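Number of protein chains: 2
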Amino acid sequence: METWVPVPNGSGFGVHNLPYGVFSRRGELPRVGVAIGDHVLDLAELAAAGLLADRRWFASGTLNAFMAAGRAVWQATRDRLTTLLTDAAYRDQVEPHLVPLSDAEPRLPFDVADYVDFYSSRDHAANVSQIFRPGGDPLPPNWLHLPIGYHGRAGTVVLSGTPIVRPCGQRRGDDVPVFGPTVKLDVEAEVGFVVGVPSALGRPVPTAGFRDHVFGFVLVNDWSARDIQAWEYQPLGPFLGKSFATSISPWVVPVAALESARTGPPAQNPEPLPYLRTDEPWGLEMTLQIELNGHVVSRPPFARMYWTAPQQLAHATVNGAALRTGDLMASGTVSGPTRHERGSLIELTWDGRDPLVLPDGQRRAYLEDGDTVRIQATAAGPDGAPIGFGEVTGTVLPVIC
Amino acid sequence: METWVPVPNGSGFGVHNLPYGVFSRRGELPRVGVAIGDHVLDLAELAAAGLLADRRWFASGTLNAFMAAGRAVWQATRDRLTTLLTDAAYRDQVEPHLVPLSDAEPRLPFDVADYVDFYSSRDHAANVSQIFRPGGDPLPPNWLHLPIGYHGRAGTVVLSGTPIVRPCGQRRGDDVPVFGPTVKLDVEAEVGFVVGVPSALGRPVPTAGFRDHVFGFVLVNDWSARDIQAWEYQPLGPFLGKSFATSISPWVVPVAALESARTGPPAQNPEPLPYLRTDEPWGLEMTLQIELNGHVVSRPPFARMYWTAPQQLAHATVNGAALRTGDLMASGTVSGPTRHERGSLIELTWDGRDPLVLPDGQRRAYLEDGDTVRIQATAAGPDGAPIGFGEVTGTVLPVIC
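Protein chains in written order, with this note's numbering: chain S, 884 to 1284; chain G, 884 to 1284.
It should be emphasised that the hints constitute simulated quantities derived from the structure, not laboratory data. Do not rely on the hints blindly, as some may be mistaken.
Now the in silico label distances, taken between C-beta atoms and shown as ranges [as the list claims (entries may be wrong)]:
| id | chain 1 | residue 1 | chain 2 | residue 2 | range |
| --- | --- | --- | --- | --- | --- |
| 1 | G | Pro1238 | S | Glu1154 | 32 to 40 Å |
| 2 | G | Pro1017 | S | Arg1094 | 28 to 36 Å |
| 3 | S | Gly1044 | G | Cys1284 | 52 to 60 Å |
| 4 | G | Thr1146 | S | Gly1018 | 31 to 39 Å |
| 5 | S | Asp1237 | G | Cys1284 | 19 to 27 Å |
| 6 | S | Gly953 | G | Val956 | 49 to 57 Å |
| 7 | G | Arg1094 | S | Asp1237 | 47 to 55 Å |
| 8 | G | Pro891 | S | Gly1063 | 52 to 60 Å |
| 9 | G | Pro1157 | S | Gly1253 | 25 to 33 Å |
| 10 | G | Ala1091 | S | Glu1154 | 51 to 59 Å |
| 11 | S | Gly953 | G | Ala1083 | 32 to 40 Å |
| 12 | S | Arg1094 | G | Pro1281 | 26 to 34 Å |
| 13 | G | Thr1146 | S | Glu1154 | 50 to 58 Å |
Partial list, computed: chain S residues near chain G (C-beta under 8 Å) [as the list claims (entries may be wrong)]:
| id | residue |
| --- | --- |
| 14 | Tyr1002 |
| 15 | Gly1018 |
| 16 | Pro1021 |
| 17 | His1028 |
| 18 | Ile1031 |
| 19 | Gly1035 |
| 20 | Ala1037 |
| 21 | Gln1053 |
| 22 | Phe1062 |
| 23 | Gly1063 |
| 24 | Asn1202 |
Far from chain S, some chain G residues (derived; all Cβ distances over 10 Å) [stated by the list, open to error]:
| id | residue |
| --- | --- |
| 25 | Gly933 |
| 26 | Gln958 |
| 27 | Gly1052 |
| 28 | Gly1085 |
Computed from a predicted model, the values in this text were never measured in an experiment. Virtual Cβ for every residue (Gly too), placed ideally from N, Cα, C.
Make the full structure from the sequences, and use the hints.
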């Protein structure tokens, strides 16, 4: 399948991807678009020109209405876009609605309803256990039985590129806590999925319902202040150590674009309870990449995640909790078994004991003011075509407190 | 100050209260109203009749737009409503817009943005510590230094009266976890405040900013499944043990209605860090009441809460986290020092070891299917007039899983 749109070699935005986002051009209202190569296809204009079925979904500043429309609409839209972008007969009609990515200012792609963060990488959980409790159990006793998760702050989910002001807060001191800017500002490289179709209160969503409810995936950087978190998190979990900002990528990769990437996740032993079992494999062949100030410091492998997205969704609703359009559920830090596959600085530097040395000679235990972090990811597409997730970036700004 | 509206003796909805809510009558769109005695004053009609400045805020299915309008608008509206309801000259114009409460179907009063739950009763925290760790420290080491809190699920905040389906989930078993309906379904009687005016990312809100940002208070029942919670909560806090439902009362009591209730909170020792200090007392003279199947089982005293609402607000934003209109922050379970002042069944029955015996002879360790819980509260108003919070109720429905 070939598109008539020029797609640069190695672009993750080929015709097999077609990720959705929201963008604006100078002086115009935001609208929904689809990334293709170095362009965005303006779906609001395309619909206004009569080339798509429904305009309401796309002349919008968020994806929420389209996400709520459901799987049949998602599939029909994807099929139609594929036709428009591959059949040269449509080129003259469609081409005027392609906007260079460089002219398109991305917006937060959807209004976040609730934000849940999981803890589903076994390597990450084991690393954290070793760092904080050397010689202790490698995993909490519940870890192999359920995908541990908690609610984060939806109101501080921000778009990639938003500056990250170093947070202030309390951390443990000798006698009394110390107040000031965090000295352990960290990243967590994650992959999140976003709910399109809501569910009713009191009605769990089974693992097999994943494709009916979930619209797509984004990259997530769950910025973390480790010192604030360590002091506050007992007994009710992370709060201010996480709630200052969570960044997401602008392009939502549709679930349908990831079919070729699906792979068997690691064997689960003990066997999960029935509500957590899946009929089809939902590991994803996908590699993340973390850059710090332009230097690649890690390539976390997503296929090793122990708990999969459908298991996370089923777990989050097994108590009858309702889903809303825009619910964002993130995987938790993605880490692999080797040092250069770890998805956070606390793991990469072993809580600062073994700092990173960048190629320019700079050393980092945690993030310093002015540092820029960029996370990217690519999944396996059909015929080896890369399915790109774009990127999620952020630069640390200093704070006075 | 007297109102010309008949207000029954002992009503908590006198003219010093004027709580806001959203209601509908058969066949009509929901709109904003104010409770007075046994009536609701229809603010949408009042505004349409030219008796209030702005109609947009009130011909709405939520309070959010009015809450976002800010303190000057809240005060001007409250002043105007007070005039309309006390000056007999307005009686003929206003009286047609009074709806009997029995004809008004309440709605969820505001769209919840983020939901945060604190843990600010020292008696509650000490009880929980004793129940789970007898002989251990009475409080976590951070407890006296910061108001511990965590994010709950905003999407499952429901209106008083919504049936509560008993949640299913995992709980600790002998060898492996057991799956099934919770056998430890509990309540938490709490008082929450709701944010009206948002704040910017990266800009903490000081304790002195409380009145500029917070619109009012509601009652909260933070339903809890203790067995699910106990198994899941390490290390990232409560998740499914809480996320199935949180009920709130229909009427939002304005901050201005609670001026007479303000009192000195318990002495704080050690002295809190500067960002948690307050210039004025923000304890509230207010007593909650919990009924189980019509029998009063507890009267928790709110004035004993260790951490106050302005301290909670300042803490939740000290890391730069932004506020949104509709953010709900709940106090945590309100408990007093004696048995009949405890705000949860886990405390009232000491985790079931000492069941409640109701006057009809029924015994309860935790909630059974069909049980109804009703929480009410009254604060001290001017000249001893009660400021009522209405009620938050819920009945437990059985589940099959």
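Need the list of violated hint numbers for this structure, in ascending order.
Checked against the structure, the hints that fail are numbers 2, 3, 4, 5, 6, 15, 16, 23, 27 and 28, while the rest are satisfied.
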